[in-house]
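Visitor: Whole structure, please, built from the sequences with the hints as guidance.
As they're listed, the protein sequences go chains L and Z. Following this note's numbering, the numbering of the first sequence begins with 1 at its first residue and continues without gaps. Following this note's numbering, the numbering of the second sequence begins with 347 at its first residue and continues without gaps.
Among the hints, a few may not be true.
Said to hold, decoys possible - Calculated pairs, DMTMM-like style, for lysine to aspartate or glutamate (alpha carbon to alpha carbon, straight line, at most 25 angstroms):
1. 349/Z with 12/L
2. 395/Z with 328/L
3. 49/L with 547/Z
4. 612/Z with 651/Z
5. 303/L with 276/L
6. 407/Z with 328/L
7. 310/L with 38/L
8. 349/Z with 127/L
9. 395/Z with 206/L
10. 35/L with 305/L
11. 259/L with 443/Z
12. 605/Z with 581/Z
13. 3/L with 358/Z
14. 649/Z with 384/Z
15. 3/L with 443/Z
16. 3/L with 473/Z
17. 656/Z with 569/Z
18. 656/Z with 581/Z
19. 258/L with 443/Z
20. 49/L with 376/Z
21. 349/Z with 388/Z
22. 35/L with 237/L
23. 3/L with 305/L
24. 604/Z with 201/L
25. 395/Z with 201/L
26. 605/Z with 622/Z
27. 407/Z with 389/Z
Hints listed in this document are in silico derivations from the structure and should not be mistaken for laboratory results. Keep in mind that this is a model prediction, so the values were computed, not measured.
Letter by letter, the chains look like this.
There are 2 protein chains.
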Amino acid sequence: MKKRGYATITFERPPVIGAHAGIVGPKEGEGPLGKYFDQIYEDPMMGEKTWEQAESALQRKAVSAVLDKGGLCAGNVDYFFAGDLLGQSIASSFGLEGFCRPVFGLYGACATIGEALILSAICTASDMAQTAMAVTSSHFASAERQFRFPLEYGSQRPLSATWTVTGSGAFLVASGKAAGGNLPAASHARITAVTPGQIVDMGVRDSMNMGACMAPAACHTIETHFRETGTGPDDFDAIITGDLGYVGQDILIGLMQKKGFDLKQKHMDCGIEIFDRSTQDTHSGGSGCGCSAAVLSAFILPKLETGQWKRVLFVPTGALLSPVSFNEGKGVPGIAHGIKLEAPGA
Amino acid sequence: MKKRGYATITFERPPVIGAHAGIVGPKEGEGPLGKYFDQIYEDPMMGEKTWEQAESALQRKAVSAVLDKGGLCAGNVDYFFAGDLLGQSIASSFGLEGFCRPVFGLYGACATIGEALILSAICTASDMAQTAMAVTSSHFASAERQFRFPLEYGSQRPLSATWTVTGSGAFLVASGKAAGGNLPAASHARITAVTPGQIVDMGVRDSMNMGACMAPAACHTIETHFRETGTGPDDFDAIITGDLGYVGQDILIGLMQKKGFDLKQKHMDCGIEIFDRSTQDTHSGGSGCGCSAAVLSAFILPKLETGQWKRVLFVPTGALLSPVSFNEGKGVPGIAHGIKLEAPGA
Numbered sequence: 001m002k003k004r005g006y007a008t009i010t011f012e013r014p015p016v017i018g019a020h021a022g023i024v025g026p027k028e029g030e031g032p033l034g035k036y037f038d039q040i041y042e043d044p045m046m047g048e049k050t051w052e053q054a055e056s057a058l059q060r061k062a063v064s065a066v067l068d069k070g071g072l073c074a075g076n077v078d079y080f081f082a083g084d085l086l087g088q089s090i091a092s093s094f095g096l097e098g099f100c101r102p103v104f105g106l107y108g109a110c111a112t113i114g115e116a117l118i119l120s121a122i123c124t125a126s127d128m129a130q131t132a133m134a135v136t137s138s139h140f141a142s143a144e145r146q147f148r149f150p151l152e153y154g155s156q157r158p159l160s161a162t163w164t165v166t167g168s169g170a171f172l173v174a175s176g177k178a179a180g181g182n183l184p185a186a187s188h189a190r191i192t193a194v195t196p197g198q199i200v201d202m203g204v205r206d207s208m209n210m211g212a213c214m215a216p217a218a219c220h221t222i223e224t225h226f227r228e229t230g231t232g233p234d235d236f237d238a239i240i241t242g243d244l245g246y247v248g249q250d251i252l253i254g255l256m257q258k259k260g261f262d263l264k265q266k267h268m269d270c271g272i273e274i275f276d277r278s279t280q281d282t283h284s285g286g287s288g289c290g291c292s293a294a295v296l297s298a299f300i301l302p303k304l305e306t307g308q309w310k311r312v313l314f315v316p317t318g319a320l321l322s323p324v325s326f327n328e329g330k331g332v333p334g335i336a337h338g339i340k341l342e343a344p345g346a
Numbered sequence: 347m348k349k350r351g352y353a354t355i356t357f358e359r360p361p362v363i364g365a366h367a368g369i370v371g372p373k374e375g376e377g378p379l380g381k382y383f384d385q386i387y388e389d390p391m392m393g394e395k396t397w398e399q400a401e402s403a404l405q406r407k408a409v410s411a412v413l414d415k416g417g418l419c420a421g422n423v424d425y426f427f428a429g430d431l432l433g434q435s436i437a438s439s440f441g442l443e444g445f446c447r448p449v450f451g452l453y454g455a456c457a458t459i460g461e462a463l464i465l466s467a468i469c470t471a472s473d474m475a476q477t478a479m480a481v482t483s484s485h486f487a488s489a490e491r492q493f494r495f496p497l498e499y500g501s502q503r504p505l506s507a508t509w510t511v512t513g514s515g516a517f518l519v520a521s522g523k524a525a526g527g528n529l530p531a532a533s534h535a536r537i538t539a540v541t542p543g544q545i546v547d548m549g550v551r552d553s554m555n556m557g558a559c560m561a562p563a564a565c566h567t568i569e570t571h572f573r574e575t576g577t578g579p580d581d582f583d584a585i586i587t588g589d590l591g592y593v594g595q596d597i598l599i600g601l602m603q604k605k606g607f608d609l610k611q612k613h614m615d616c617g618i619e620i621f622d623r624s625t626q627d628t629h630s631g632g633s634g635c636g637c638s639a640a641v642l643s644a645f646i647l648p649k650l651e652t653g654q655w656k657r658v659l660f661v662p663t664g665a666l667l668s669p670v671s672f673n674e675g676k677g678v679p680g681i682a683h684g685i686k687l688e689a690p691g692a
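Guide: As structure tokens, then:
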């Protein structure tokens, strides 16, 4: 149900996240969340010839893990919603072609898993699909090649920079009633509302400070969700952004304060959680389409599934940055998508 | 309604395309469809400083034209579904940020308008949205910079190459009952079924022959649609692909023949229609996200709206090509999305 003029959809029959997997590379495996991931690959090349192909392999492995967990084959997935950071989304195209199912390619920078989950939820909540697979990935080295300096330069990174996560998260979203395979709906987190975000451009031009670029978009989406659903920070166990990092977190909390909402006790950021700032040299935190996706699967959903948390607002954040637009002097607009996740049958 | 295991959704309450616009650059304006476009811009820079910003301006103009025609403001559009060919979809991000509405960024190469229309139709048919704007663009010069040689080289193009269309098409999709503004549902074409496509990789490695890369995907989607809906070429006034061009058309007709379907009398290709092969030096035809989108608005929908055609299968086609994957020796997979369009109230 969506009220006229609202961005938020509140689902009358909330779809569930039936099975999911978060898989990562070696650095993420050594981080504070290491023990929670489904798979940790010691070889960042994943046995492939290029970093881009390694990223495709991450998506393939994540989807395969979800299918295994759900006791499903690819033919049980109605539609794939997938994306990554690379130009023309090649990690997704080459990662998913072998599953031979319809694919909707998405691009929303590091907020792409939000787009994928929202569209999967819309399709399954409305019975336009029975199952949809939301999957995104990122890879430190393919992202550096795409956006920044050749790694061989050994360029120094400013403290506001984030470290692109090598990882992927995949989620089988299913209509509440029948998910097929061995997916009993009663034990799975539910997507009860979604607030798709708009592009927010505050004119920030520092591609090495993406937290600052994205914080205004996160603020806009969170405020919109609160306003349209009549809720506030107290209604959630946590408000979880994607990859604002330490710099962006400070900005978000300040911006929300001005809007009259105190996020300080409730805010969590996937990019902050995934690395240990003091030992891993990742500066402001982790980032990338794979960051919030892998953390959602490994860390957030289990807390809902076990009832430790009742309700969270998951807000993946994206910096709409390209080397071309940036070199042509354009700013870095942000986007953030809001997804309200609730414990099973809560 | 979607049968289990099918790709195709048949809408019980088909959404309508309430208002639409196709706008192009000077070369497209001089082509055979010149008189049908809403706006033709003589300056391919659109008064902007870069080609990429010019492409953003095309999207902005197309959306504004649709809003004007529909007597709507941006606030009447629930969600935007948008994409383009450029890395990180910058033409869309910078083109749409000013409308301040939720945006789902899409990437499906030149088939992106198919993705956008399908998702707009799903959202409005299910009342998850009342209105959705599907918009895509391409620009000859921004695409050459993204994918091929610097224009200044004056490189020779093989005869199998296509010419990227400078243009944009935008479509306001609305639920059948109430579109708002001055949009009487009775005079608008309806989206009665959709068949999202899967990635088809036949190992074609020639980025200068995208027709050959995409034809197998078009064949797969058209055959799937026929099989799942129990229809064939005789049930349609035309089967219209996006930008296979002359080379891809021959391949598609041959492939479909082997599947038992004779497309020869019914096939049309937007890339073939938009340029005059003999005078415009465009070789195999036009291509780009803007090609099928602008032709759909200017040439196809009017034939349905006036009842000249009763029913068409619109199948935008995309080559999932990136300079990175291509230079790393990967092939060029194709994707095609099928949309069944019918005359008002037919």
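Visitor: Now tell me, hint by hint, if it's right for this structure.
Guide: Here is how each hint holds up against the structure:
1. 349/Z with 12/L: Cα-Cα ~22 angstroms, so holds.
2. 395/Z with 328/L: Answer holds: residue 395/Z to residue 328/L is near 9 angstroms, not above 25 angstroms.
3. 49/L with 547/Z: holds (19 angstroms)
4. 612/Z with 651/Z: holds (19 angstroms)
5. 303/L with 276/L: Cα-Cα ~21 angstroms, so holds.
6. 407/Z with 328/L: Status holds; Cα separation ~21 angstroms.
7. 310/L with 38/L: Distance ~23 angstroms between residue 310/L and residue 38/L Cα, so the pair holds.
8. 349/Z with 127/L: holds (10 angstroms)
9. 395/Z with 206/L: The given pair, whose Cα atoms are some 21 angstroms apart, holds under the 25 angstroms limit.
10. 35/L with 305/L: The hint holds at about 17 angstroms.
11. 259/L with 443/Z: holds (22 angstroms)
12. 605/Z with 581/Z: The given pair, whose Cα atoms are some 17 angstroms apart, holds under the 25 angstroms limit.
13. 3/L with 358/Z: holds (22 angstroms)
14. 649/Z with 384/Z: holds (15 angstroms)
15. 3/L with 443/Z: holds (23 angstroms)
16. 3/L with 473/Z: At roughly 10 angstroms apart (the allowed maximum being 25 angstroms), residue 473/Z and residue 3/L satisfy the hint.
17. 656/Z with 569/Z: holds (20 angstroms)
18. 656/Z with 581/Z: Within the cut-off at roughly 9 angstroms; holds.
19. 258/L with 443/Z: holds (23 angstroms)
20. 49/L with 376/Z: Measuring from Cα to Cα gives roughly 46 angstroms; hence the hint is violated.
21. 349/Z with 388/Z: Answer violated: residue 349/Z to residue 388/Z is near 48 angstroms, above 25 angstroms.
22. 35/L with 237/L: Answer holds: residue 35/L to residue 237/L is near 22 angstroms, not above 25 angstroms.
23. 3/L with 305/L: Violated, at roughly 29 angstroms.
24. 604/Z with 201/L: Roughly 52 angstroms between the alpha carbons, so the hint for residue 604/Z and residue 201/L is violated.
25. 395/Z with 201/L: holds (19 angstroms)
26. 605/Z with 622/Z: Given that 25 angstroms is the threshold and the Cα spacing comes to 31 angstroms, the pair is violated.
27. 407/Z with 389/Z: Holds: residue 407/Z and residue 389/Z sit about 14 angstroms apart, inside 25 angstroms.
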